[in-house]
Each structure stands twice: as C-alpha cells, then as structure tokens.
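Please model the entire structure based on the sequences and the hints provided.
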Amino acid sequence: MPLPYYVSPEQMMQDKAEYAKKGIAKGRSIIVMEYVDGILLAADNPSASLHKISEVYDNIAFAGAGKYSEFENLRKAGIRHADLKGFMYSREDVTARSLANGYSQSLGTIFSQELKPLEVEILVVQVGNNGHANEIYRISFDGSIIDEKNFAVIGGKSDAVQAVLKDKAATQVPNLKAALSLCVSALEQTSNQKLPPEGLEVAALDRTRDGRKFRRFSAFEIKQLLSA
Amino acid sequence: MKLPFLPNHDDASFFDFLTRHHPDLTPAGRSWTASTPAPVESPRAQGPVPIPLATTVLAIKYQEGVVIAGDRRATEGYQIAERRIEKVFKIDEYSAMAIAGAAGPCIEMAKLFQTELEHYEKLEGVQLSCEGKANKLAQMVKANLPMVFQGLVVMPLYVGYDLKRTEGRIFKYDLAGGRYEESDYHAIGSGGKDARNTMREHFRKGMAEQDALKLALLALYNAADEDVGTGGPDLVRGIYPTAKIVNATGITDVAEQQIRGIFDVVLATRHSKES
Numbered sequence: 001m002p003l004p005y006y007v008s009p010e011q012m013m014q015d016k017a018e019y020a021k022k023g024i025a026k027g028r029s030i031i032v033m034e035y036v037d038g039i040l041l042a043a044d045n046p047s048a049s050l051h052k053i054s055e056v057y058d059n060i061a062f063a064g065a066g067k068y069s070e071f072e073n074l075r076k077a078g079i080r081h082a083d084l085k086g087f088m089y090s091r092e093d094v095t096a097r098s099l100a101n102g103y104s105q106s107l108g109t110i111f112s113q114e115l116k117p118l119e120v121e122i123l124v125v126q127v128g129n130n131g132h133a134n135e136i137y138r139i140s141f142d143g144s145i146i147d148e149k150n151f152a153v154i155g156g157k158s159d160a161v162q163a164v165l166k167d168k169a170a171t172q173v174p175n176l177k178a179a180l181s182l183c184v185s186a187l188e189q190t191s192n193q194k195l196p197p198e199g200l201e202v203a204a205l206d207r208t209r210d211g212r213k214f215r216r217f218s219a220f221e222i223k224q225l226l227s228a
Numbered sequence: 229m230k231l232p233f234l235p236n237h238d239d240a241s242f243f244d245f246l247t248r249h250h251p252d253l254t255p256a257g258r259s260w261t262a263s264t265p266a267p268v269e270s271p272r273a274q275g276p277v278p279i280p281l282a283t284t285v286l287a288i289k290y291q292e293g294v295v296i297a298g299d300r301r302a303t304e305g306y307q308i309a310e311r312r313i314e315k316v317f318k319i320d321e322y323s324a325m326a327i328a329g330a331a332g333p334c335i336e337m338a339k340l341f342q343t344e345l346e347h348y349e350k351l352e353g354v355q356l357s358c359e360g361k362a363n364k365l366a367q368m369v370k371a372n373l374p375m376v377f378q379g380l381v382v383m384p385l386y387v388g389y390d391l392k393r394t395e396g397r398i399f400k401y402d403l404a405g406g407r408y409e410e411s412d413y414h415a416i417g418s419g420g421k422d423a424r425n426t427m428r429e430h431f432r433k434g435m436a437e438q439d440a441l442k443l444a445l446l447a448l449y450n451a452a453d454e455d456v457g458t459g460g461p462d463l464v465r466g467i468y469p470t471a472k473i474v475n476a477t478g479i480t481d482v483a484e485q486q487i488r489g490i491f492d493v494v495l496a497t498r499h500s501k502e503s
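Residue numbers (our numbering), protein chains in the order written: chain Z, 1 to 228; chain E, 229 to 503.
Do not rely on the hints blindly, as some may be mistaken.
Unchecked claim - With a Cα cut of at most 27 Å, we get these calculated DSS-like pairs of lysine-lysine:
{"hint": "1", "chain 1": "Z", "residue 1": "Lys177", "chain 2": "Z", "residue 2": "Lys166"}
{"hint": "2", "chain 1": "E", "residue 1": "Lys421", "chain 2": "E", "residue 2": "Lys501"}
{"hint": "3", "chain 1": "E", "residue 1": "Lys400", "chain 2": "E", "residue 2": "Lys370"}
{"hint": "4", "chain 1": "Z", "residue 1": "Lys85", "chain 2": "E", "residue 2": "Lys421"}
{"hint": "5", "chain 1": "E", "residue 1": "Lys339", "chain 2": "E", "residue 2": "Lys433"}
{"hint": "6", "chain 1": "Z", "residue 1": "Lys177", "chain 2": "E", "residue 2": "Lys400"}
{"hint": "7", "chain 1": "Z", "residue 1": "Lys16", "chain 2": "Z", "residue 2": "Lys116"}
{"hint": "8", "chain 1": "Z", "residue 1": "Lys157", "chain 2": "Z", "residue 2": "Lys26"}
{"hint": "9", "chain 1": "Z", "residue 1": "Lys21", "chain 2": "Z", "residue 2": "Lys157"}
{"hint": "10", "chain 1": "E", "residue 1": "Lys501", "chain 2": "Z", "residue 2": "Lys85"}
{"hint": "11", "chain 1": "E", "residue 1": "Lys400", "chain 2": "Z", "residue 2": "Lys85"}
{"hint": "12", "chain 1": "Z", "residue 1": "Lys67", "chain 2": "Z", "residue 2": "Lys177"}
No wet-lab data here; the hints were simulated from the structure.
Keep in mind the model is a prediction, meaning the values are calculated, not measured.
Written as structure tokens, this is what we have:
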C-alpha cells in the first residue's frame with residue numbers, strides 16, 4: 001500500500017496562493033478612486049449585463065475580480081448581510097467595516113480549510129458623509145484585508161495599473177471627470193488597447209444623492225464625461 | 229459554496245431568507261400566544277390586550293398615475309393611541325403602500341416589503357415588475373394569517389406605477405392573501421366604506437391630479453365625520469392627513485401646505501352649508 005505523500009504546510013499554502021493569484025491575474029482590472037463627491041468605480045468589462053461592480057447598501061458598493069461565479073456568490077452574501085443588519089437595527093448601522101470583516105473571515109477560512117481557494121479579490125467601499133472619511137477595503141483570496149487610501153486596484157495586472165496611477169495621481173482630490181479619465185487611461189495603458197465606452201463598467205457612490213448613493217453610468221454618459 | 233461567516237442562501241427574496249434563517253424576525257414568527265384565538269370583546273377593541281389600530285386609507289387613479297392618502301389616527305379601544313401616525317409608506321421609486329389594522333405589525337410589514345423590493349433589485353440587477361411586487365405582497369399578507377387569528381390584522385393597499393403599461397395601478401388584498409386589482413379607486417379600514425361612498429359619487433375616469441387629490445382628502449374628511457376611528461384635520465395641533473402621488477416621474481410627497489390649503493376650502497364649503 002502506498003503511503004500518502006507528506007506535504008509541508010508551507011508548501012501547501014504557497015501552492016494554493018500561487019493557484020489563486022494565477023486565476024485572479026487572468027481577468028481584467030478594476031479601479032476605485034476617491035473623487036470630490038464620493039468614490040468612483042471603473043472596470044474594464046466588455047459585458048453590459050455581467051457586472052463586476054454592484055450596490056450593496058445606501059453608501060456601500062462592492063467590486064469583484066477573478067472567477068465570476070465565486071465573487072458573485074460573495075456579492076450576494078454581502079447584500080444579504082447588509083439588508084439583514086439594516087432591517088434588524090437601522091440603516092445607519094450597516095457599515096463597510098463589518099462587511100469587510102465578514103468577507104475576510106470567510107475567505108480566510110476557505111483558504112486554509114478547503115482544497116481549492118477562491119480565485120477572487122474584492123473591494124468593499126463606503127462613501128463618507130457629514131465629514132466622515134471614505135473607506136476602501138481590499139480583501140484578497142486568503143482573507144487578508146488592506147485599508148486603502150485615495151485609490152485601489154484589483155484583478156488583472158493590478159500592480160502595473162497601481163504603478164501608473166501612483167505616477168499620475170494629483171496631489172488634490174480630482175473631480176469626477178478627471179478621476180474617470182485617469183482611471184480609463186491607466187486601464188488602457190496597461191491593457192495596451194483603446195477601451196470604448198461600451199467596454200467600460202462605471203459606477204459611483206455619490207454623496208450628493210439622497211438615500212441610496214450608488215449609481216451606474218450609461219455608455220452615453222461615460223462618452224460625455226470622457227469627451228470634453 | 230459555503231460561506232462560514234455570512235449566511236448562504238440562493239433566493240432573491242429577503243422575506244424567504246428571513247423565514248428560513250431568522251424566522252423570529254418575520255411578522256408571523258413570534259408564536260407567543262400559541263393557539264388561543266383572541267376573544268373579540270368589541271368591534272374596536274380586538275385582541276387579548278388592546279393594541280393600537282390604524283384606520284382609513286385610500287387610493288384614487290387619475291390621468292397620469294395614482295394618489296394614495298391616509299388619516300393620522302391610531303386608536304386603542306375607545307382611546308386615541310396616536311395622533312400623528314403615518315400610514316402611507318414609500319416602498320420604492322414607483323410604488324407606495326398604505327395600511328390599516330394593528331399598527332405595529334402594519335409598520336413592520338411596510339418596512340419588510342421595502343427591504344424585500346430593494347433586496348431583489350440589488351441581487352438581480354433589475355426591479356421587479358409592478359405585478360410582481362403586488363404578488364409578493366400578497367404572499368406576505370398570506371404568511372401573516374396565523375397572526376390574524378390572534379387579532380393582529382394587517383391590511384395593505386398597494387399602488388404602483390407600471391412602467392411597461394405606463395399607467396398607475398391599485399391593488400387590494402384580503403386576509404388570506406387574495407389579491408385584487410381595482411380599476412378606479414379603493415379605500416380600506418374602519419372608515420373605508422364612508423370614503424368609498426364619497427369617491428363613488430365624485431370619481432371620474434381620467435381626472436386631473438389636483439382633482440384626484442381634492443377628492444381623496446374630501447373622502448377622508450367624510451370618513452372622519454362618520455367614523456370614530458378616523459382622524460380628521462386637527463386644526464389645533466396642525467395635524468393633517470398625508471398623501472403621496474405615484475406617476476411616471478416616480479413618487480412624491482404632497483406638501484403639508486398644499487393639503488392644508490385644500491382642507492381650508494373643504495371646511496369653508498361645509499361651514500357655509502351648515503350655517
């Protein structure tokens with residue numbers, strides 16, 4: 001009878017991480033960026049119906065990169081968590097921090113206990129209101145959670161996009177137009193192709209709106225914002 | 229896929245999600261008084277203990293949409309429980325719901341229905357159709373049936389603007405979850421009959437928005453005149469019935485000032501007839 005092979009825990013984790021990273025790098029990038037009135041979310045996404053960016057609650061949005069079926073499941077779970085909390089307590093008690101924490105716990109547990117880790121990287125962002133700062137959380141396949149400032153990138157060649165943005169980022173917070181063109185140019189530069197407005201998924205958490213702050217931009221609106 | 233720290237469920241309905249995973253949070257989930265049906269002592273004091281009851285709400289169709297309105301009184305037996313209760317709720321951008329029955333569970337159902345529709349929209353990426361929303365509400369009313377036997381009646385009146393048909397629609401319900409569409413107007417609650425009488429006399433198809441609003445408030449005034457459970461305009465405290473308008477541009481609250489203006493005319497007309 002053959003003995004089962006011994007694999008050291010270090011080796012196993014490293015293999016899993018490599019596998020997950022490879023899966024995530026296959027996709028295209030998503031950028032979130034703070035602008036004067038809130039947070040802009042922009043993704044290189046040729047599909048008009050399979051979204052990578054979604055509303056979660058009044059002032060919280062979600063973006064997922066990697067395997068669609070996996071981050072879609074996470075997105076739904078997040079909306080359930082948020083709606084339940086808002087129903088049980090009150091709308092203002094739903095926070096990105098608690099949601100990001102839940103995601104981190106889930107991803108971390110799956111990474112260490114399941115054979116196959118989730119090939120996803122997600123962003124949970126919350127627009128600040130009444131003097132509160134915006135919150136941007138980036139959560140990786142292994143459950144590690146990073147609190148980002150100004151902008152964050154997930155999926156695809158995220159390191160390259162990050163480097164481009166770091167170079168170009170202005171010292172002050174950009175307006176919507178400037179933020180969008182910065183995001184698009186960074187996405188174009190790293191993917192070496194021109195992205196038509198139809199190939200972009202753009203949404204924002206706009207703190208000037210009443211109630212639900214999330215809104216999507218149509219291809220027409222994107223074209224208008226990018227043209228002038 | 230199991231998500232250990234987030235509940236997992238594969239349905240787009242928040243109500244079903246609650247029923248399965250948090251039954252204690254659903255309106256019919258509190259099974260405290262178990263199987264003893266409530267002794268009905270008098271028509272205005274239902275239930276084993278007096279609970280606030282919300283009354284008379286109505287809806288009228290007009291040319292471009294629907295007007296929905298309600299009085300502000302909640303009663304507890306022969307006592308006034310609340311003078312400024314709000315019975316007309318915005319449910320989403322294109323629909324509203326008014327309630328009659330046990331105030332607590334009524335408000336809870338409105339809140340649950342709001343969450344339900346928003347939840348569906350976020351999960352599926354599109355809004356439910358007007359018909360779909362009305363049907364969902366019917367299921368929620370049906371699920372409340374066990375509470376009805378304990379005296380906790382929840383009666384909704386639902387109005388929505390149907391974006392596909394480009395018209396306003398009114399739905400009424402029965403306690404067993406029956407759903408019926410009304411073509412012109414409807415009123416429910418203790419003063420519902422009086423309000424319907426007024427609307428029957430003055431309703432015309434394709435009314436202007438202002439006329440429909442005036443009729444709605446007149447019907448509420450007449451209901452308050454006849455029914456002790458319905459509150460009329462309270463001139464001393466400045467409490468007036470509330471109304472919302474649902475049409476193609478979405479849902480709007482009617483300003484209190486405007487409602488006060490209409491009541492001033494109604495009261496002056498009545499006064500001149502009586503003196």
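Holds or violated: Lys177/Z with Lys400/E, Cα cutoff 27 Å?
With a Cα-Cα distance of about 48 Å, the restraint between Lys177/Z and Lys400/E is violated, given a limit of 27 Å.
Between Lys85/Z and Lys421/E, does the CA-CA distance stay at or below 27 Å?
violated (40 Å)
Taken at face value, is the distance from the CA of Lys370/E to the CA of Lys400/E at most 27 Å?
holds (13 Å)
For the pair we were handed, Lys16/Z and Lys116/Z, check the Cα-Cα distance against 27 Å.
Distance of about 7 Å is within 27 Å: holds.
Hey, Lys421/E versus Lys501/E, does the alpha-carbon distance stay inside 27 Å?
Roughly 23 Å separates the two Cα atoms, so the pair holds.
Checking one constraint from the list: CA of Lys339/E to CA of Lys433/E, max 27 Å. Satisfied?
violated (32 Å)
For the pair supplied as a hint, Lys67/Z and Lys177/Z, confirm whether the alpha-carbon distance does not exceed 27 Å.
violated (30 Å)
Does Lys157/Z lie within 27 Å of Lys21/Z when you go C-alpha to C-alpha?
holds (11 Å)
Are Lys157/Z and Lys26/Z close enough, with their CA atoms no more than 27 Å apart?
Distance of about 8 Å is within 27 Å: holds.
Would the hint linking Lys501/E and Lys85/Z be met if the CA-CA limit is 27 Å?
Violated. Lys501/E to Lys85/Z sits at ~55 Å, over the 27 Å cutoff.
Hinted pair, alpha-carbon criterion (27 Å max): Lys400/E, Lys85/Z. Please report holds or violated.
Outside the cut-off at roughly 30 Å; violated.
Does Lys166/Z lie within 27 Å of Lys177/Z when you go C-alpha to C-alpha?
holds (18 Å)
In summary, the structure is inconsistent with hints 4, 5, 6, 10, 11, 12 from the numbered list given earlier, while agreeing with the others.
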